[in-house]
Amino acid sequence: MTDSRSHSETIKASLKRRNAAERRFRFYGMLAISFAVACLGILFFTILSKGISAFQQTYIQIDIHFDSEQIDPKKLADANYQGLVKKSLRGLFPEVKSRRDKKDLYKLVSSGASYELLDMVRKDPSLIGKNVSVWVTADDDVDMFAKGFIRRELPENERRISNKELSWIDKLQSEQRVKKIFNTTFFSAGDSREPELSGVWGAAVGSFFTLLVTLILAFPLGVAGAIYLEEFAPKNRLTDMIEVNINNLAAVPSIVFGLLGLAIFLNFLGMPRSAPLVGGVVLALMTLPTIIIAARAALKSVPQSIREAAVGLGASRNQVVFHHVLPLAMPGVLTGTIIGMARALGETAPLLMIGMVAFIVDIPGGITDPATALPVQIYLWADSPERAFVERTSAAVIVLVGFLMTMNVLAAVLRKKFERQW
Amino acid sequence: MLRTSLSIAAIASLAFAGTAFARDQIRIVGSSTVYPFATTVAEQFGKATNFKTPVVEATGSGGGLKLFCTGVGVETPDITNASRRIKMSEVKKCQKNGVTGVTEVKVGYDGIVMANSKASKKLDLTRKQIYLALGKTVPGPDGKLIANPNKKWSDVDPSLPNRKIEVLGPPPTSGTRDAFAELALEGGCKKFPFIKAMKKKDKKRYKAICRSVREDGAYIEAGENDVLIIRKLEANPNAFGVFGYSFLDQNADKVQGSLIEGKPPTFENISDGKYPVSRALYLYVKNAHVGVVPGIKEYLAEFTSDKAWGDEGYLTDKGLIPMPSAERRKFKADAANLQNLKM
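Protein chains in written order, with our numbering: chain E, 1 to 422; chain L, 1 to 343.
In case anyone wonders, no lab produced these hints; they're calculated from the structure. Please note: incorrect hints may appear among the correct ones.
Unchecked claim - Cβ-Cβ distance ranges computed for the label pairs, FRET-style: (1) F232(E) x A235(L): 54 to 62 Å; (2) A235(L) x R18(E): 42 to 50 Å; (3) I255(E) x D311(L): 42 to 50 Å; (4) D311(L) x D72(E): 29 to 37 Å; (5) V244(E) x P161(L): 53 to 61 Å; (6) P253(E) x K87(L): 27 to 35 Å; (7) P324(L) x V132(E): 38 to 46 Å; (8) G71(L) x Q319(E): 27 to 35 Å; (9) T49(L) x W135(E): 25 to 33 Å.
Owing to the predicted nature of the structure, the values given are computational and were not obtained by experimental measurement. Quick reminder that beta carbons are idealized off the backbone N, C-alpha and C, glycines included.
Please model the entire structure based on the sequences and the hints provided.
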């Protein structure tokens, strides 16, 4: 019995050490997780704190007389709305006389104000001949000032708002003619050179068309490829080679796919530059390996017994796959697809080569219209000199991260809901 | 379902392959320095006329001219912007590919500034000092050319602060970098008589000495993103940044431009030509596309109108330094008549 006693003693003796090792390991794990969470938290905090202000936009109230002599109801677009805005501003500040001062005064409101008036008259032609108080978009410098990004304590030559402009804004504020409300332009407009008129909608639509093309191409091809390789293909050198190559393709840097797109789709096939069609095809090539690998893993996890049972009941191989294996593997396949698509949504490098990194104002109407994508819009704004683009860049990041989170949550929900334990 | 979607995809890709696409929209490529101005005009043009808004891509001056010169046809760009003049080699390449009619329009000027954070002292530099600080090979103490030994600004000139030389600037693909090397470095390099004499005898060597930026870490390539440079300057008060005047203009509360040859980089000094490091900006139009792609003439008319590039035009708000009115008249006429480029 001495033997067993010494055995339990050995266990006891090392117990403390082993428990300590386990505690240490847990502590390291927790440290790693909390480090990652802290980084993520800092990232979200900086982006949110910088970008949240872009969801509001400053507006200025001016009194417009829609002069019936100047606006011809039949040719609404030809009237000089800029002149109406200027006249109204002169009316608010009659003391401004010199040409240079007037020019500064007109700069309080955005150059887009005249188009806002045109839209108003188009919607309601009965406005012509009336005096109306309207809220028009403020210039980006005024907007930055109203949001506190331009400090009035600075010397005059260091801020983009002069003392004169400051006094005008103060007067407007004291008359309750300045307000900040939810920035609808940001969600309805395309790109613009004026920060106050720019929006992410053009880029969002571009991303949508691009991903649509990607999905239509990559999903059926990827799933078909995975089914063939997993269920039908003989196991030999050739299929091994293909498998290795698919895994390699999944690791190829995305810019390489962009170069491929430039060489084949643009230069050889003559497809249009900047089009979501080409962007979608390039991203489909990039996403294909991801989908194939995920789909194969999902198919592999369906137990052999299901296939055997189906064959035993007289099903053909085709029926086995399409009636039994594929439906059971579908949650895994869909998860893989969504994750692949989310990666495609965040990709800029391949789009650079095929001309989707461009200034495009018009909202694309189809897959051959010039378009950009959300991450590209972020890249373009981050490179713009105007200060107001800083907050818009962060706001666009928030929108993009929002989309990515939705897609990833969808993938997680699908997995949870349809997952089968064998 | 799988089979139908597969065949749809196959048919779609076949149908699109090989067809040439007609274009009803101007395509512009080129310099990232001209990009803010070209996009502003494009947007105004799209709003004020019934034409579609032109698509503007920032590819860099060299990249833009390369695309521009690939040939005539709707798959090539109609206009390219450049922050330097087209080179003879590029004109030849254009001609070889059938691009024979090219209109040159000078659009204005841009100053290149060397700026630092407001937290530290404003410097007054000469081009010679810039060359001695950033040139790859400089004359040593004994007058022989050696690899740049200067580590601190005070090594260059005792009157300058005793701080490490750290300059953030654009990479070699950038037109701003080309212009900076040509105007600031070469401008300072020429001040050494024996190097200047070399220009006649061995032009290649002269260029290699005067236009090469040092690669030992004192000049840090910070990418084409000038906003990023400004943020880095804010974080590091010892560093200097090289970028276009429009970025200084927009960020005057954070960074200050160093004086060069005693002249501060201001709107007035650059347009008068007093500030030495300034260059002209251009756009090049493919004449063969006028009339094929709608709106090119009208776009040029918008760009060359006084409300755009004039002394008080909307482009000056974006940081463009306008040309004197006589020069404006000349290039406006060139643009209207599609005057073919003369080198």
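Each hint, compared with the structure:
no.	hint	verdict
1	F232(E) x A235(L): 54 to 62 Å	holds (59 Å)
2	A235(L) x R18(E): 42 to 50 Å	holds (48 Å)
3	I255(E) x D311(L): 42 to 50 Å	holds (44 Å)
4	D311(L) x D72(E): 29 to 37 Å	holds (33 Å)
5	V244(E) x P161(L): 53 to 61 Å	holds (59 Å)
6	P253(E) x K87(L): 27 to 35 Å	holds (32 Å)
7	P324(L) x V132(E): 38 to 46 Å	holds (44 Å)
8	G71(L) x Q319(E): 27 to 35 Å	violated (55 Å)
9	T49(L) x W135(E): 25 to 33 Å	holds (27 Å)
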